[in-house]
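Each protein sequence line maps, in turn, to chains C and R. This note's numbering applies: residue 1 is where the first sequence begins, and numbers increase by one. This note's numbering applies: residue 118 is where the second sequence begins, and numbers increase by one.
Treat the hints with care, since some could be wrong.
[To be verified] Restricting the straight-line Cα-Cα distance to at most 25 Å, the calculated cross-link-like pairs of lysine to aspartate or glutamate (DMTMM-like) are:
{"#": "1", "chain 1": "R", "residue 1": "K185", "chain 2": "R", "residue 2": "D172"}
{"#": "2", "chain 1": "R", "residue 1": "K215", "chain 2": "C", "residue 2": "D65"}
{"#": "3", "chain 1": "C", "residue 1": "K20", "chain 2": "R", "residue 2": "E159"}
{"#": "4", "chain 1": "C", "residue 1": "K14", "chain 2": "R", "residue 2": "D201"}
{"#": "5", "chain 1": "C", "residue 1": "K64", "chain 2": "R", "residue 2": "E214"}
{"#": "6", "chain 1": "C", "residue 1": "K101", "chain 2": "C", "residue 2": "D65"}
{"#": "7", "chain 1": "C", "residue 1": "K55", "chain 2": "R", "residue 2": "E133"}
{"#": "8", "chain 1": "R", "residue 1": "K173", "chain 2": "R", "residue 2": "E133"}
{"#": "9", "chain 1": "R", "residue 1": "K177", "chain 2": "R", "residue 2": "E125"}
{"#": "10", "chain 1": "C", "residue 1": "K41", "chain 2": "R", "residue 2": "D172"}
Honestly, the hints are just simulated from the structure, not real lab data.
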Amino acid sequence: GAVVSQHPSWVICKSGTSVKIECRSLDFQATTMFWYRQFPKQSLMLMATSNEGSKATYEQGVEKDKFLINHASLTLSTLTVTSAHPEDSSFYICSARAAGKSTDTQYFGPGTRLTVL
Amino acid sequence: GDSVTQMEGPVTLSEEAFLTINCTYTATGYPSLFWYVQYPGEGLQLLLKATKADDKGSNKGFEATYRKETTSFHLEKGSVQVSDSAVYFCALRFGNEKLTFGTGTRLTIIP
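Work out the full structure: start from the sequences and follow the hints.
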């Protein structure tokens, strides 16, 4: 099946620094990518949806200036957590959907665990 | 708003035991219901789904029935294997809108 990778799989950073997480579709072109976040013992929450070449659509309550999403190519989307703080520590998961496919056909990455000290 | 509630884990079972992971939902209307599985080191994968009341989704020996009366979609398997150890997520969706997930239930099967 289709594969989505994320890099890095885990990252530790100091408060105030920025962290970039990459999401790649390895064997298909992803016209739409999704970014999710999961806090411990909580649900996986959609943060934003991005379509290749256009601005991301953020869910209510997600700060677009803090979580910068770039979907510059059909195989790569990046999430940059700017000026990270300990409360941003979480598990971030991306998923990707190919053109013409239903929402059921989302392929998920393995996730990136971010710890902000 | 819409929400999904799953039984808290972790769940630990012996091989060949019967598995039930409870999932209930709150929504206005009748969403499609899903179970996703995440094996260690991998991304979430769609395990099974049901799109209307009384539908039964099944895959890899797992089953779940869409119960409108109890707003539930419990996941079951008659005889689990060590390879079933994973995190299981219940989710709902209306049409082509976003998925609403539960918290996930970690399942560990011991030989």
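>> Tell me if the straight-line CA distance from K177 (chain R) to E125 (chain R) falls inside 25 Å.
In response: Between K177 (chain R) and E125 (chain R) the Cα gap is close to 23 Å, so the pair holds against 25 Å.
> Quick one, are K173 (chain R) and E133 (chain R) close enough, alpha carbons at most 25 Å?
Replying inline: holds (22 Å)
> Do the alpha carbons of K20 (chain C) and E159 (chain R) lie within 25 Å of each other, as the hint requires?
Replying inline: holds (20 Å)
> Quick one, are K64 (chain C) and E214 (chain R) close enough, alpha carbons at most 25 Å?
Replying inline: holds (20 Å)
>> Check whether the Cα positions of K55 (chain C) and E133 (chain R) lie no farther apart than 25 Å.
In response: violated (49 Å)
> Taken at face value, is the distance from the CA of D172 (chain R) to the CA of K41 (chain C) at most 25 Å?
Replying inline: violated (29 Å)
>> Hinted pair, alpha-carbon criterion (25 Å max): K101 (chain C), D65 (chain C). Please report holds or violated.
In response: violated (30 Å)
> Would the pair K14 (chain C) and D201 (chain R) pass a check requiring their Cα atoms to be no farther apart than 25 Å?
Replying inline: Between K14 (chain C) and D201 (chain R) the Cα gap is close to 37 Å, so the pair fails against 25 Å, i.e. violated.
>> So if I understand the rule, the pair passes when the alpha-carbon distance is 25 Å or less; does K215 (chain R) with D65 (chain C) pass?
In response: holds (22 Å)
> Keeping to a limit of 25 Å between CA atoms, is the pair of K185 (chain R) and D172 (chain R) held or broken?
Replying inline: Given that 25 Å is the threshold and the Cα spacing comes to 10 Å, the pair holds.
Violated hints, listed in ascending order, are 4, 6, 7, 10; each of the other numbered hints is respected by the structure.
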